[in-house]
Structure formats: C-alpha cells, structure tokens
Amino acid sequence: MNKLLTRNSAPAIDLPKKTFRQRVVTDFRKHWVVYAIALLCLSYYFVFRYAPMGGLAIAFKNYRPARGLWGSKWVGFKWFEQFFSSYYFPRLLRNTLTINLMSLLIGSTLPIFLALLLNEVRSSAYKRTVQTVTYMPHFVSLVVACGIVLDILSYDGLFNQILSLFGVQPILFSNVPEYFPWIYVFSDVWQNLGYNSIVYLAALSSINVELFDAAAIDGCNRFQRVWHVTIPGILPTIILLLLMKVGSMMSVGYEKIILLYNDAVLERADVFSSFVYRYGMLGGNYSYSAAVDLFNNVVNILLLVIFNGVSRKISDISLW
Amino acid sequence: MKKRLVGLLLCVAMLCTLIAPVAVAEEPTTITWLHQSWNVTGLDNWYDALWVKELETRLNVDFEFISVNSTDNYDNVVNLNIAGGDYPDIISWNWSNYSGGIEAAIEDGLVTPFTMAELQEKVPNYYNLIAGNEYINRALTLSDGTIAAFCHVEESTARNAYSGYAIRKDWLDRLNLAVPTTIDELHEVLVAFKTQDANGNGDPNDEIPMSDRSSLNLMKELAAAWGLVYNYPQLDPVTGEVTYWTEVNDGQNFRDFTLTMRKWYAEGLIDPSFTSNTQTEINSNVTSDIQGFWHTNTNRFPGYYTLLQDTVAPYADSSAVKLEPLPRFPFQYAAEGTEAKRYTMATNLKNYVAAQEANVITSTAVEGGKVDKILELFNYMYSEEGTTLISWGVEGVSFEYAADDSKVWKEVVLNNEGGLSSDTVMQYCIPTRGEFPKIMDLKAWMTVDCAHPDGQRELDFNYGADKDLIIPAILLTGEDSETYNMIMNDVNTAIAETFLGVVIGNKDESAIDELFVTLDKMGIEEAMEIYGNVYAAYLEKEIVK
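So the sequences go chain by chain: X and L.
When we follow this note's numbering, the leftmost residue of the first sequence carries the number 1, and every step to the right adds one.
When we follow this note's numbering, the leftmost residue of the second sequence carries the number 1, and every step to the right adds one.
Among the clues, some could well be false.
Which chain X residues face chain L? A few, computed with CB under 10 Å, are given here [unchecked claim]:
#1 G71
#2 S72
#3 Y88
The hints are simulated quantities; they were obtained by calculation from the structure and are not laboratory data.
Heads up, the beta-carbon is just placed ideally off N, CA and C, and yes, glycines get one too.
Let's have the full structure, built from the sequences with the hints guiding it.
Here it is, written out as structure tokens:
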C-alpha cells in the first residue's frame, strides 16, 4: 500500500522524448521474441509471395527454360496482344464473369442463410448433425466430387431417375451448355456450403447476447431479431468476405472446369484458366500463361480497390 | 618355419586374387537419365527391370534414372530440370513441348546434335536405320542435316495399326444378319440391334447399338469412310492436295459425316452418354451385354471376351459370344464403276519414328565427357542383340529359342498371376512400349498386345486399309509453328464444339455453315498453306547419308 502511495505521489518527471530509432531499438530489445516470430512470417511472404513476382517478367519474354528467366528474349506485349485478339476472348470473359457473379450471388449468400438458420436451432444434437453433414463434402477431393456430380447428372443418374418418376424423358445435363454454370455453382455450394458457413457462425457467436434480450423485451419476434440484431452484427464479416470474393472475380480455377466440361458445353464452360491450360500449359508456352494470369490479376486488383473504396464510402467497412 | 612360409604365401596369393579384378575392372560410367516412369504393376523403378540391370552389366554403365512418378506432370518436371540448369545426361521427352521444338533446344545449348558422319562412326546401327529408310531420314534430320533425336524405331508400321472396331457377331447371328460391309449396311444393322432385342434378354430397349468414348475413338475411325482424317491435316481423296478435314470437297464430306452421326444419335443408335464415356463405361456396357458395336484396340479382345463370358451366361450361351473385327468401310463418294477405297485415318501408319518423342544427349553429357559412352550404349540398344534384350529379356530367363529358331516366352512370363500381360512382361523387357532408343520388335509386341486371333485379324484389317489420306508427321519450326499452332488451336476448338453440338442436337444444321465462316475468319487457309509448304519441302528434302 505504501509502495503504491509512494508511486502515485511521486512528482511527474519530464522524460526526454525518444527518437523513432531509439524507440524501435528499445522495443526490439524488449520484445525480440515477438519480432523473431514475425520475421518468420515475413520471410514466408517475401520468399514465396514477393520474390517470385520477379518471374512475371516471362509474360514479356519468349521464355525458354534452357535460357532461363533473364536469358530469354524480350517480346514486349506480344502475348497480351495475342490473347486480346484471340477469337475466343469475349466468350472467355463472359463465361468467367458469369460463373463468378453466380458464385458471388448464390455461393456467397447461401452459407449466410445456413449460418442464420443454424443459429436459430435450439437442439444442439440436431445442429451438430446438420453441421457435420454439410461440412463433409468439403473434405472430398475435387476429382471425386466432380465424378459424383457427373454421375448424379448422367443419363441414368439420380436426377434422371427422379424425373422419370414424373414421366420426363432423360436429359443429359452435362451436355447442355446452358446448364453448365448452374452445375458448376451448385456443385460448389454442395461441396462448400457448410464449410463456408463456419466463419459466419463464428461472427454470430461474437454478437452480444444482451442485444437479443433487449430486442426481445422491446417486442421483436424471432424474424425481427434476426433482421435487426443478427444481420447487422455479422454485416462487417459479410462485406469483408464479399470484397475478397470480388478480388478474384476474373479467376476461376481450371481444375474443376476441366473435370466437368466436354466439347459439347465449351461455349459456356470455357473460362480464362481452362483456355490458358489448353493453349499455354499443355503446349509448354509459359509466357502466354503468365501474360493471361498477369492480366487477370491486374483486373482483380483494380476491382478490389474500386469495391473497397465504394464499400468504405457507403458502409464504412473496408479491407484497408 | 616351413608351415609359416607356406601360410604366408597362401595369404599373399589370396590377396592377389582379390585385388586383381578390382585393379583391372574399369569403373562403370554413371549416366543420368530423365525418363518418365510408367504405371506398371510390380515395377516401381526402372532399376528393377531385368533388361536395365543386364544393360548395365553388358555396357558397364551405371544408370541413375531421375524417377518421375507417373502421376506427376512430366512436362513440368522436365521444364523444372531444364530451368535448374543442371541437366541430366539424357532427357526423354516430347520435344514439341519445348517452346520452338528440338531445334530451339539445340540453339539454347541444351541438346547436342550429331552429323550423319558422326553417327556412322559411333552409332552405326542407328545410322543404318536412318540411311536405309526415307521416312525415318526425313523425319529425323533437322534443317541443317544434323540429328539430335534418338527415338524408338518401328520394325514395321503394322505395330501402329492397333486401333479398330468390332461388332457383336453373336447378335448378328441371333438376328440373322450378315456382317455389315458398307456404312448403309452398318446403319441397318444398328437399327436392328436397337429394335429387335439383339442381346436376347427379353428387353428390347436396353441395347446400345453403338458406343464411343468422349475422345471419339470410333467416330474418328468412321470419318475415314467419308474421306476424312479427324483433326489432322490430310491429303484430299480426290485432288491429293494438303487440306483439313472440314475443307474436303468444299466441306460437303464433313457436313455429310456430321449429319449422319446426328441422324444416328437422334435415332437412338449411339450411346447418349458417349460425350462423357471413358473405357470404364465401355467395359461396363460390355459386362451388361448391351453394347453392339464399339472401338477396340488389338490388345483388348481377351479382356472383352472375359467380361462377356463371365456375365452373359445367365441368358445366353456364353461360349457363343463372338466379336467380329471389321475392315474399314468403303469411301462414300467413290465414282460409279470403280472400287471404293477403304481409307484409314491412323496417321501413325506412315510414321516409323515419332521424331518429337525422343531421347536427347544434353550439353552436360558433353561437358562430362560421357558422349562416347552414351553413343556406344545407344548403338548397342539399336543392335540385334540389344533389340533382343530390350524386347525379349534374357535368354533362359524370360525367353528361349524354339526348334525353328524363333523366340518364345518362358513359363515364368507366360504363367504367372497376371498372365501374359504388358505389366508382367515389363518386369523383364519392354516389347509393348517405345520411348527408349530401341527397335520395336513386331513379333515380341504381337505376342503381348496382339496375341488373340481376333486382334490379329483386326491388325490385318487396320494395316491393310488405304493410307492415301495420311500425311506422315512433319516438323514445323519457328514462326511457322507459332502461327500454325495459334490458328489451329482456335480452329480445333470451334470444330470440336460444333461437331459435337450438331451430333447431339444442341445446335441445328445451320451451325455447320456458321462454322465454315468462322474457320475462314480464324485463318484456316493460311494455316493449311503453311502446312502445305512444309509438306512440299519435306517431300523435296534431300535424303542425308
């Protein structure tokens, strides 16, 4: 007690202001362990994320492995010109954006609904069962998952067997171009719905319970509580995840596309990545692949910056 | 004292005998070889194969295979190895995957070329093959007359005639139908299969008269009856000029072929799932006894018979099950009064070597002073003795000579758990695969991949077909290659989706006319001109000796 009193009663001393360098050195000495841990993370980003960016130079070169990155000849914007003047460029752009917009609208909203519904479930056994069942497809490998999807949609698959009960002639869904984006998006929903809802469930658990109680006392019914308390509570999470999704608007992974498509549906299924896979990777033209990827990522970053700015203006929520 | 002296002398004598061979024997030359692993049951690594061990002993070399798992993307592995700058001594690869091809790889200092004089001196066995066959000569010599590719060489291109088709003869017999000999007869037969309960199980609706895989193996073969070589530049059946299959006869043949397939599909004669079928579905249809006519390779007959005889028994006499290989169907547009040709589209029937799929000696081997040893090794691999070793294994172990001096497999190869299959043979030798510098021994291959009598009949049909449409593989380089590939990538995509779309009814017939306009816009004429010029140069190419 005395000690406390003494400390409190001590006269204030005007310490000389430390320079930035001094503060850093002091802080480093004090927390060097934390700096060491941070260094590991930073090295990872430097080595695996920033240093390889130098390799983007191959997008402007005629890269030949034996000549190496710097020995290959510069060709300027040749690959970009070739890509933009490709007969299929407009179609690829349309398909990539269609699949991504549908994924954004359907694939990103359904996990929110699932999380909201699960949040309202009172029986924990039922809740856990639903969660497990919806998470499970996420852990199935993509190749197997696509095999299951094609099997279900095949001529004598589950869907057609159900349709036949109603006298509908079998439809080979995987051969109809118009169905392809739906198959792609809904198979994604099936595989990742539960897993993607985890982050929303986590956000839901952080909402102050007193807000629900207050809303109930104010006379809100369950739906109104969801509308006025739950959704505003997880809105920052929703917006942040949407922004990140917008940041990959020009990218669709080629693996799933090439596992699901065939020549009959190419006009709706072919996206930038599958095109690059066929034209660039299979033919060993890495420069061409790098050019298309660079273009995609530049557009992705632009979209992210624009939407982040818009979001900051409208809702005050942004990534930075 | 005497005893001690004798003991000492004996010890010295023993030491001398131990040391002597060590001092005399030359150290084996270590050769690093980047070569894709094959997915062979029971053979994890090349080192385990008998012929590799034997080759090491006979040539005093020590192979260090850079093992690449067959599931990895081999192209990426090769590129990474090359980009690393520390090349293996030998690289086996499809060099069309190197930007600019094998000539570019030479220009970049990666691959070592040899003059014919050098080959004559150091690899005479390979030289004799090249000098003695104009196809091999034209295919392998580069623009400056040198050769860098060491490929597997076909003893006869008959080995490339493994792809054909077969029909259920027992179904034909049940319906009292003759084996179809024309496209029209084939159509009638398929209709009968569809409507007359061809498998005799009481259900008239379960038959799939004709099936195909998503890679369209069967349709590609059938296209030859319209004088078309699916997705390859070809010679026009009438004019003999270089053209593309969509351009033959102003597109009329392509149109007729596409619309015929469309009609058959609409009539329910073609498996509705063919666009996504793999060999698994084909096998499953065979097992279910519902498939009448499909594509077969010569090595698949035993497997199909096993599937059929195991499962058809419940409602048919399984011993009566019979597959009938069919010859190519006659040309649809033969002039009246002339005998129609039976064309094949198997482009490999004019290729004695796959010039791009080659083993090359890298500059690392030159720097390491190993070139002579590697050339000696290759020369042995192309020799008669080497061919026997690689194609039959070791005498007394995997094969022996019969009374008529022909080679026959030993019991250990014939009677084992897997039977005489490609996988079991490959523990000893590699008669069924190329990719190494070697001669493909036709007989050894036939004993494994064409042993069934029906397979042999199919081989005769396939090889006996007319090869007038086929252009042997030619090499496009530099700007030609770049322009051609860019145009043809777009062209092939457009054709594939229109062809399939029209056949399955997603698109109407007018899509074919639209396709022709699109192909013109894409520059198909320019691409064919490039190809035609390179082919003309190929024909005029001087035979280098």
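Subject >> Violations among the numbered hints >> reply: Nothing - there is no hint that the structure violates, so all of them hold.
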